[in-house]
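Student: Construct the complete structure from the given sequences, taking the supplied hints into account.
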Amino acid sequence: MQCKNGHAACRGCCDRVRGTCPSCRAPTGAIRCRPLERAIAAMLFPCAFSAAGCGRRLRVAERRAHEEFYCQHAPPGRRKACPHVAVAAGTICTVHPRLRLVLVFR
656 MQCKNGHAAC RGCCDRVRGT CPSCRAPTGA IRCRPLERAI AAMLFPCAFS
706 AAGCGRRLRV AERRAHEEFY CQHAPPGRRK ACPHVAVAAG TICTVHPRLR
756 LVLVFR
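First residue of the sequence shown: 656, per the working numbering; consecutive thereafter.
Everything labelled a hint here was simulated from the structure, so no lab data went into it.
Glycine residues also receive a C-beta, built at the ideal position from the N, C-alpha and C atoms.
Treat the hints with caution; some may be incorrect.
Label pairs and their computed distance ranges (CB to CB) [unchecked claim]: (1) 679 to 731: 38 to 48 angstroms; (2) 687 to 714: 35 to 45 angstroms; (3) 660 to 708: 39 to 49 angstroms; (4) 679 to 727: 23 to 33 angstroms.
Using 20 angstroms as the maximum straight-line C-alpha spacing, the simulated EDC-like pairs for lysine to aspartate or glutamate come out as follows [unchecked claim]: (5) 659 to 692; (6) 735 to 723; (7) 735 to 722; (8) 735 to 717; (9) 659 to 670.
Tutor: Shown next as C-alpha cells:
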C-alpha cells in the first residue's frame, strides 16, 4: 500500500494503524505500490519449516503452496492433501516434475 505522499507500507502495517500511513499518518486508501510489489515478488524467502531442515528458498507466490502441500519438513498434520487430481495418464509427471512418485493402492 502507498499513501498520497508516496510512502510505502505493507497491508499488515496499514491495518495496524487503521488505514493511515505509519510514516506520516496520511490516509492510505487502496493505493498499490507496484514497484515494491514487483521487488518483493522477485525476492526469495526461506520456507517456514527451515528450522526443521527445509533448505528451500521460494518466491512469495510459491511459498504458501510449498508449505501447505509439498514441504517434507512440515510437522505431522500440517500438510494438506495434494490439490491436483490426475485425470489423464502422465498428468502427475507434468504437474509435479520433481516428485518422487509413490503409488499407494487401497
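Student: Now tell me, hint by hint, if it's right for this structure.
Tutor: Right, here's what the structure says about each hint:
1. 679 to 731: 38 to 48 angstroms: Given range 38 to 48 angstroms: holds, Cβ gap about 47 angstroms.
2. 687 to 714: 35 to 45 angstroms: With Cβ atoms ~18 angstroms apart, the hint is violated.
3. 660 to 708: 39 to 49 angstroms: Once the Cβ atoms are compared, 44 angstroms apart, the range 39 to 49 angstroms for residue 708 and residue 660 holds.
4. 679 to 727: 23 to 33 angstroms: 45 angstroms, violated
5. 659 to 692: At roughly 17 angstroms apart (the allowed maximum being 20 angstroms), residue 692 and residue 659 satisfy the hint.
6. 735 to 723: 6 angstroms, holds
7. 735 to 722: 9 angstroms, holds
8. 735 to 717: Holds, at about 15 angstroms.
9. 659 to 670: With a Cα-Cα distance of about 16 angstroms, the restraint between residue 659 and residue 670 holds, given a limit of 20 angstroms.
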